[in-house]
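Those protein sequences? They're chains F and R, same order as listed. Under the working numbering, the first residue of the first sequence is numbered 1, with each subsequent residue one higher. Under the working numbering, the first residue of the second sequence is numbered 1001, with each subsequent residue one higher.
It should be emphasised that the hints constitute simulated quantities derived from the structure, not laboratory data. Just so you know, not all the hints are guaranteed correct.
What the hints assert, rightly or not - Chain F is faced by these chain R residues, among others (derived, beta-carbon under 8 angstroms):
id: 1; residue: Gly1053
id: 2; residue: Pro1056
id: 3; residue: Pro1065
Unchecked claim - Counterexamples of contact, computed for chain F against chain R with all Cβ distances above 12 angstroms:
id: 4; residue: Leu21
id: 5; residue: Leu24
id: 6; residue: Leu35
id: 7; residue: Pro65
id: 8; residue: Trp86
id: 9; residue: Ala124
id: 10; residue: Thr168
id: 11; residue: His179
id: 12; residue: Tyr213
id: 13; residue: Pro246
As the structure is a prediction and not an experimental result, all values here were calculated from the model. Heads up, the beta-carbon is just placed ideally off N, CA and C, and yes, glycines get one too.
Residue strings, one per chain:
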Amino acid sequence: MTPAADPTRYRPGLSALPAALALLLLATPFVGLLLATDWRHFGFAHGDGGAVRVSLGYSLIALLPIVALGTPLAWWLARHRVRGQWLVDALLLVSLLTPPLAMGLLLASMYGPYGPAGHLLERAGLLLTNSAPAFILAQFYAALPYYVMAARTAFEGVPRELEQIALTLGYSPWRSFVHVSLPLARLGLAAAVALAWVRALGEFGAVLIVAYYPQGIPVKLWVNLQDIGLDAVYPLLWVFFAAALPLPLALGMAVRRRLS
Amino acid sequence: MRIDYRIEHPVALHASFEVAGFTVLLGASGEGKTLLLSAIAGLVAARGEPFDGLPPQQRAVGYLPQGHALFPHLRAWENVAFSLRGARRREQAMQWLERVGMAGLAERWPASLSGGQQQRVALARALARRPSLLLLDEPTSALDPVTRDEVLAELIAEVHQAGIPALAVSHDPALAAVADRLVLMHGRRIVQIGTPEAVHAQPASGAVARLLGLRNVQRGRIVGAPGAQRLSWPEADASLRVETALPDGTAVDWHVPPAAVRLHDPAAAPDDAIAATFELRQTSPHRNYLGMRCGQARLWVEPPVGYELPAAPMLSLPPDAIRCWPVEEHA
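Isolated chain R, as found in the complex (with noise of 0.2 angstroms):
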């Protein structure tokens, strides 16, 4: 489904994209990705495409706000049944909330609900209004971090079972991850457009890095011309050897993965290795960052397993390992 809405107040947004399978729009807090989701349900002043100059009780979209909005004089199922007319209104209910799990606390207020069986009421009343769009507002701020993961596979499930085109806006990297189809929004326009593996491949600038959360995304500044570049990097007052086709000073986002990064004992340290000091340790099941300190910037390394760090380690960065971008002007 093609969504494309022009906003003039409270602020100047303009957004046209495809929505199809479970779609998010990532973009950083302030852009107006909430107003653009209450634009298309109807519920601020807007023109666009689908649903242009309907009163927001004619659109067929199911909206899930931020916190989402259950009604908390009703029950679980009186919430579910809240679009459904018809002396088979209880029984559809049930239905729809035995498909999202819930049909087990369907007597439940909803003030007894934990974040996720909330948010799957959410949907079971937003589904139930049988929509050609489903519209969720950050999907996973009001979720348990232990169980998010889980919670957010069951909904993205569900959105595919259901077979209705979704648009989620979010901050949120995690969520992105999980998208069938990527928009990415920064200063108010769409900069870039892909499924999570292209995007994530080739992110289109240093804002797009930073929002899909890759770590080490810095600035800097390249010095000289192509063939014999380096890029200087104020915060660690470092100078860094690089290979692009950007002319001399040009401003540059940059990044380097963190696996990338080569720690050195001092002794055995290449000429133009930068000297770090170790801040802190991340460990996860899945992977082990160490925070290095240069300067006034972390550089975060991904080191083999098994690594003793030295104690005065040295960092170097290969030069076909850094990624730059030119900075916007307006950025």
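Okay, chain F solo, but in the shape it has when bound (with noise of 0.2 angstroms):
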């Protein structure tokens, strides 16, 4: 006798051909890239070991008030509905749709030397134009709008009957959502927080205006291309993959590991 066949097993029919063709097309521009960059003469730009520091570090620096801030207002939208909540689902929206540049630009006229925020700011002694805190500022504005969708979704998931009950066993709010609403979502924000990574470390636009200096990776593609020419763009863009794609591809596997 043989085993009848699996009806639930997943067979590919017609939908295998429009993915296969999806996934040709996003491989294609790295395959260009592998058969542009000239690996006999494999070297970098003077200043391209200072971009990837730059990069990374502050980066890194970035998350810390993306994930502390937006965590408690995505907490807060997936958990109360209040009237005229559509003007904060707007405003997120538009800082989605806002192009780099324009937020760069806004960003400058706030928090510039001329801006409001940032003539205060600058009193205060922090500078907000060409520093690091420019810098991580231009990161933290293109990141967090990201940051909070994902992350709103994730705690949209988390049954609020289980913090309900956690309330019943005693618990405070607050510890009701350490213990519950965190590792309940903690797949959910895993994810948001691999897509705030990869958003503020290939931020280019607002990183232009406000932080042409310290040069991160992007601005330091944009001037290579400029005085050297593409053949010093592509060693760097080696670099930068190897740097930002560890992060989210091992959150990205941690998160459907404990989905299988």
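Make the complex out of the two chains shown on their own, each in a separate frame, by following the hints.
Laid out in structure tokens, this is it:
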């Protein structure tokens, strides 16, 4: 007797074709990169090492305020319905929609030396133009809305009943959040952190305007292109991938391991 | 323990009754039973005693929601230890699990436990909090029908052993049957309170009879003055002899026990017997029922053992076996 075929087993049918095409299209630019890189004369331009340090170091620092401020906001949005909530939603969407270059200009107009906030902060000794804090500021604005959106979805997936049960078991709302909501949302939150990391690290437009210096990788790619040419772009791009990929890749794999 | 709670939103509800031993609040879906439990636990806005005005974390209740709500990221013993503190929390959790017969499965994740096992872990978790009142929402709903009675007996034995008053809300007559005390809710009001024996002996209304799961609760109307009354049963297009003190024209819910209904051969049937057709047979280890179609209605009959059903049976309902309740106006 032959075992019956499992009817629930996934059989690649017609969906395989568009899926394969999508993968192919995704891979095309990177195949181009493989072919275009001059592997025999693989070398770095002056300052590339510094750009890598700037990008990695400041992106890690930017993650701290993004997570520290974005997590409570995401939880609040997931758990509360208030009048005028559409305004909050609209604000998040506008932040996502604003072209990065325009966001840079807006940041410069508020936090720059002639901007109202920048003027005050400069007096307090915090220079938000062409400085490390300016760099982190631009990354913060680039990544925060993405983090909040993803983290909100993660919290919305936590059954409210479980948080309530924690209350009936004597937990304060804060302890219930720490011991129930956070652990149950951890996979989605990990994905949100990965998304924020990718967004912060890859940000070009806003950083270009408010923090041309210190130069991170995206701006340095642009500088290399202007000053030297394409051959100086590709090696730095390889380094960028090598540096940026491990964190989100590991988080993503951890998430999928948990789900399977 | 006296429960007296008033809720305004999302539905208006006022409930006041005594919880003693294993008390079951029986009511149909949509009566606001779960809402009442949430209010007592402090999870929805309400006023009432006990625990008035306290936040949920300060109310000494053990709440077992429908589906048990075990924390999926914690093992069975960690769920029980959730409300425990200190170095001995694992040891204490194991003692609670021991009590509900679950110590062997302490390391299991909730998803790998059966409905009954999850319920026992949830009970241990609630008891470990040392509550002064247990709240159980539909405790029979997630149980396997085959093992349900045993699991239920286990649950009630544990509640009795814990010595904590327990309030279970349910629409399940099987749960009502094992209660120490029964509170019946209809139309968002408490309509009857008593022991299951007392309530079964004298259901206060047709709605209560339906909640108790009685078969053969029907609608009808009294025709004629006391002494020479008949019960008009429109669904079967029949008129039955009854003996009540209700005035002419009263709309009633009425009930006849299946064992009281007599089956006749057409040749030997009394004059006012009702024609019926056989619909289905329900056989269980305890009782056998015949479902008989009478016009638009179905009447359950419990025939004598070994009874042979005639080809065109007739039914007669003894007047003294028929109980009538006037129908409340809003129903």
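Notebook entry, point to check: If you check each hint against the structure, which ones fail?
Noted result: 1, 10 and 11
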